[in-house]
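There are 2 protein chains.
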Amino acid sequence: MSIYWEEFYSTHAAPADFGDNKARMEEFTARHLAKMGKIALITSGGTTVPLEHNTVRFVDNFSAGTRGSASAEYFLQEDYAVIFLYRFKSLEPFVRHFMGQKFLDLLEITKNEGASSIQVKTNVTEEVLPILQQYQAVKKSQQLLCVGFTSLADYLWLLRAACELLTPFKTRALLYLAAAVSDFYIPSHQMPTHKMQSDSGPPTISLQLVPKMLKPLVSLWVPEAFVVSFKLETDETILISKARGALEKYNHKMVIANILQTRKQKVVVVTSNTVTELLLTPEEIQSDLEIEEKIVKFVTKSHAVFCSP
Amino acid sequence: MSIYWEEFYSTHAAPADFGDNKARMEEFTARHLAKMGKIALITSGGTTVPLEHNTVRFVDNFSAGTRGSASAEYFLQEDYAVIFLYRFKSLEPFVRHFMGQKFLDLLEITKNEGASSIQVKTNVTEEVLPILQQYQAVKKSQQLLCVGFTSLADYLWLLRAACELLTPFKTRALLYLAAAVSDFYIPSHQMPTHKMQSDSGPPTISLQLVPKMLKPLVSLWVPEAFVVSFKLETDETILISKARGALEKYNHKMVIANILQTRKQKVVVVTSNTVTELLLTPEEIQSDLEIEEKIVKFVTKSHAVFCSP
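Chains as they are written, first to last, in this note's numbering: chain A, 1 to 309; chain B, 1 to 309.
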């Protein structure tokens, strides 16, 4: 099994921007290691699996990055340094509140003695202000590092590098693996170079299982860290047993289990000896509370207990 | 063949929001039909093909929506009414200039007698102003209708409905089919209900060819319209022959052919009796000119000739 995951790295070259991103993570972790605070690696969004070397088509995993990007804001509020490893164009912390045309609709032009200036409309200033303030504060304190990926290979290279840089943080490192990572891929040598042509009829795609990186991650890369994984299913009847199975198999600390259809109102946190349901009440949903606030509170509390001597 | 495309609609139900979107398009086209101007239907972004009914995984087509969203702005400048049929979360006209964190970085907070207000920073006002002005003008004149899709089935239902509403515009209707539509899909009855489990080993996905909707579109839905399709390839040697083949097969007006790697600097416009290369000079690239400006100028000029008696 260990050979299997090593083989993935030996047969898939590091992405072109890997060196730059690794250097950014090195600078970030070195700076925060000296501060003796806690650090979270949050992964977010889906990974793609190309069907061609010159990629026109790919298999993707459903994930807007809501869970990861919202959670990042709450980890920052809890004073964690955060490496946000996210799928390009999935949601990012802070800016996630202003998607689509919404941003342009916030603005108005005023003319003063011939000169134009642009303001956020007065009636929405109150809504924008706290988000902008937190964003600016985080930027100033350099507490957040965003690193983007697209493909499964990009993700796996960055994940391993980030883990290795988190090792010296020991128990102060928390991994919050919310990305929706492909289970299947097409091995590099089986991939056509050019766009598949439809003239010759529909192709059959043979997929191969992606090695379970949680295994080397927990046992080798960050053995002292507090590792939280996620389990998304559509079938409620197998959810808890799948979560327990993962804990037994990988021996990490916590699985956050959720059902696709209800994941914004309810999750179940499974540890080796506890099962805790976190959910939003109708009143909380009404007042726009996000379930990620509850999840992050629960996780950071457990992490604090785990860290205390 | 005609039975084949009809079968797609009879076996794939209209999406839940189809009725609402159709009503919006009806209102839009009715209003603009009275004005006797030109109208463009622009399709943009990729379509997804779900691998499960409760969709966790899907096959996607590479497309950020750059071509379609940029072109929409230039068609609006040429006084076309525009229906922008786009993949949710792909680029949209105007707002495409402010992606990622860029928007929050444009803003600054000022305090005046205790009250906070938010402005666009003075040094970027000049950059934001023309885009915001065009956006506001278009919004006021109601010249642009944006309609979103995700899956192949969503797209095909909306495409046919839009075409039927464009029929009364006769030659004044222009179709600019820039969306990257899947060639393959998994028929509804072959799709599993729940997320595929990896325990039982990697699955094999059998794909089926998507019927070529350009056929009924040109010959039945909008027979008088000026139809422009796109051809994206990665292999230069087959590009022109594929474009010619499409024109012969579907009998529409124009194919804009491009190679994945160079598509932002160069396209080849192929008609039944002409081949025209449009490209950006190094100076034009330097000054941030977009190739879509040239494409839209060429297309609208050809459309004007086509419309004139």
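Please note that a few of the clues may not be correct.
Note: identical chains are not told apart, hence a pair may lie in one copy or across any two.
[Said to hold, decoys possible] Quick list of in silico lysine-lysine cross-link-like pairs, DSSO-like style, CA-CA up to 30 Å: (1) K102 / K22; (2) K249 / K140; (3) K89 / K102; (4) K242 / K264; (5) K121 / K253; (6) K249 / K111.
If you're looking for bench data, these hints aren't it; they were derived computationally from the structure.
Nothing here was measured: the structure is a model prediction, and the numbers come from that model.
For each hint, the structure was consulted:
no., hint, verdict
1, K102 / K22, "between (34 Å within a copy, 23 Å between copies)"
2, K249 / K140, "neither (41 Å within a copy, 59 Å between copies)"
3, K89 / K102, "both (16 Å within a copy, 13 Å between copies)"
4, K242 / K264, "within (20 Å within a copy, 46 Å between copies)"
5, K121 / K253, "neither (46 Å within a copy, 46 Å between copies)"
6, K249 / K111, "neither (65 Å within a copy, 55 Å between copies)"
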